[in-house]
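Asks: Work the whole structure out from these sequences, hints included.
Chain order of the listed sequences is A and B. If you're matching positions, the first sequence starts at 1 in full-length UniProt numbering and goes up one per residue. If you're matching positions, the second sequence starts at 1 in full-length UniProt numbering and goes up one per residue.
Just so you know, these hints were derived from the structure itself, not from any lab.
Okay, derived cross-link-like pairs now, DSSO-like style, lysine-lysine, Cα gap no bigger than 30 Å in a straight line:
no. : chain 1 : residue 1 : chain 2 : residue 2
1   : B       : K129      : A       : K22
2   : A       : K35       : B       : K154
3   : A       : K22       : B       : K154
4   : B       : K100      : A       : K22
5   : B       : K92       : A       : K43
6   : B       : K154      : A       : K185
7   : B       : K112      : A       : K12
8   : A       : K43       : B       : K129
9   : B       : K100      : A       : K43
10  : A       : K85       : B       : K154
11  : B       : K154      : A       : K12
12  : A       : K189      : A       : K174
13  : B       : K129      : A       : K85
14  : A       : K22       : B       : K69
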Amino acid sequence: MLMEILSRLSVKDLLRFKRVSKGWNHLISDSTFVKLHLQRSSKSTHILLTFNDYFYTKRRDFAIVCPVQDLLDNPNSTLETFSHKYRPFDRNYSILGVCNGLVCLGDYNYEFKEYWVRFGNPATRIMSKDSPHVRPNPDHYNYPYMFMIGFGYDDWSDTYQVVFLENNRKNSQKLDVRVYCSGDKCWRKTFTCDAVPTLTGLGICVSGTLNWLVFPKSCSDVKQRGAVKMNELEIFSYDLKKETCSYLMAL
Amino acid sequence: MGERGEEWEAVMLRKAEEEESKAVKKVKLVTSDGVTMEVEISTVKEMETIQAFMNATDTDNSIIFPLPKVSSHILSRIMELMSGEYDQELVKRLSHEELKEICMVANYLNMKTLLHLTASAIANLIQNKSVEFVRHFFNIINDFTPEEEVQLRKTHEWAFEGVDED
Numbered sequence: 001m002l003m004e005i006l007s008r009l010s011v012k013d014l015l016r017f018k019r020v021s022k023g024w025n026h027l028i029s030d031s032t033f034v035k036l037h038l039q040r041s042s043k044s045t046h047i048l049l050t051f052n053d054y055f056y057t058k059r060r061d062f063a064i065v066c067p068v069q070d071l072l073d074n075p076n077s078t079l080e081t082f083s084h085k086y087r088p089f090d091r092n093y094s095i096l097g098v099c100n101g102l103v104c105l106g107d108y109n110y111e112f113k114e115y116w117v118r119f120g121n122p123a124t125r126i127m128s129k130d131s132p133h134v135r136p137n138p139d140h141y142n143y144p145y146m147f148m149i150g151f152g153y154d155d156w157s158d159t160y161q162v163v164f165l166e167n168n169r170k171n172s173q174k175l176d177v178r179v180y181c182s183g184d185k186c187w188r189k190t191f192t193c194d195a196v197p198t199l200t201g202l203g204i205c206v207s208g209t210l211n212w213l214v215f216p217k218s219c220s221d222v223k224q225r226g227a228v229k230m231n232e233l234e235i236f237s238y239d240l241k242k243e244t245c246s247y248l249m250a251l
Numbered sequence: 001m002g003e004r005g006e007e008w009e010a011v012m013l014r015k016a017e018e019e020e021s022k023a024v025k026k027v028k029l030v031t032s033d034g035v036t037m038e039v040e041i042s043t044v045k046e047m048e049t050i051q052a053f054m055n056a057t058d059t060d061n062s063i064i065f066p067l068p069k070v071s072s073h074i075l076s077r078i079m080e081l082m083s084g085e086y087d088q089e090l091v092k093r094l095s096h097e098e099l100k101e102i103c104m105v106a107n108y109l110n111m112k113t114l115l116h117l118t119a120s121a122i123a124n125l126i127q128n129k130s131v132e133f134v135r136h137f138f139n140i141i142n143d144f145t146p147e148e149e150v151q152l153r154k155t156h157e158w159a160f161e162g163v164d165e166d
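Replies: Here's what the structure looks like:
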């Protein structure tokens with residue numbers, strides 16, 4: 001009965017009511033309850049606005065999590081006024097994606113050439129610790145170097161996953177797939193497949209799969225890519241549960 | 001003639017079925033304070049716990065169902081809400097104690113609409129309220145040490161800002 005009542009309250013109320021008693025604290029932190037609450041919460045109440053600028057040659061990323069109602073009520077607001085009100089993250093991260101209200105942020109260390117991610121929940125204002133670092137190998141790759149990354153949720157294993165794909169230059173015709181599951185201690189190399197002619201860097205999560213727009217497989221020469229027609233583009237799709245990939249036609 | 005006979009039989013059979021369904025139309029509910037309330041079978045349909053029991057036991061005409069956790073006062077309040085088609089205004093007129101009790105019974109008897117209605121009403125009453133208000137509302141004893149309480153408050157300091165006065 002308590003679960004029925006509490007699942008109808010806001011996240012702010014729940015964080016406060018963890019202090020009511022040990023039993024309440026336990027219930028509110030329980031994963032079954034959290035899922036019920038997510039299921040009951042109204043969808044699409046907030047919008048994540050991302051933008052970037054260049055501060056002396058250094059790129060800066062910004063994210064604002066803003067209630068949609070506030071945008072509608074205050075059409076004269078600017079990015080400036082909103083960013084004072086709704087800056088959820090204290091640092092510059094690039095946004096890799098959003099799943100169930102959880103935001104995945106990526107960061108890169110230019111000196112050590114290492115990449116890592118974090119998960120942030122704007123509703124609870126809780127941010128995870130840095131994930132283990134992953135080291136891309138841009139030196140081994142022709143211009144333009146690009147890795148593909150995506151953030152998704154796998155219903156079956158109930159985990160949030162970040163997938164990192166990189167064409168391996170040492171073994172020129174291959175693509176390495178590495179996966180980081182929330183809570184894990186390392187990036188796991190799931191498999192290697194034929195190299196992918198990269199077009200978009202950020203994957204889109206659709207019901208347990210991550211998807212990137214790519215050049216056709218036959219188009220391995222970078223110079224030819226300008227002539228690729230739109231209806232020749234393909235979608236490279238990675239299945240989080242099965243850990244397999246496949247090509248779909250884009251159009 | 002043969003065809004007619006079959007038709008006649010079919011009519012009689014249907015009649016007998018109707019009689020039977022009329023006969024089991026009432027269910028007797030016995031409350032914790034010993035009051036027996038006779039209710040329509042359609043009313044019991046919403047009480048999924050009782051419905052499941054009836055389906056499982058294949059009962060005859062006289063169904064008596066004990067409700068040791070429900071007082072006659074609360075049961076009659078529930079009947080009012082059901083016959084009033086769960087009007088929000090009726091819910092607003094309930095005392096906090098009645099509301100909590102009805103919610104508990106709705107949960108126990110697995111009455112989906114009533115549970116949704118009362119749980120939402122209680123959630124509305126405690127939203128944006130202080131921890132102390134909620135403890136008082138549910139008669140909950142604080143079993144945290146002062147140190148633990150300070151820690152919990154510090155972890156989510158922002159959640160304690162802009163809360164209604166008790």
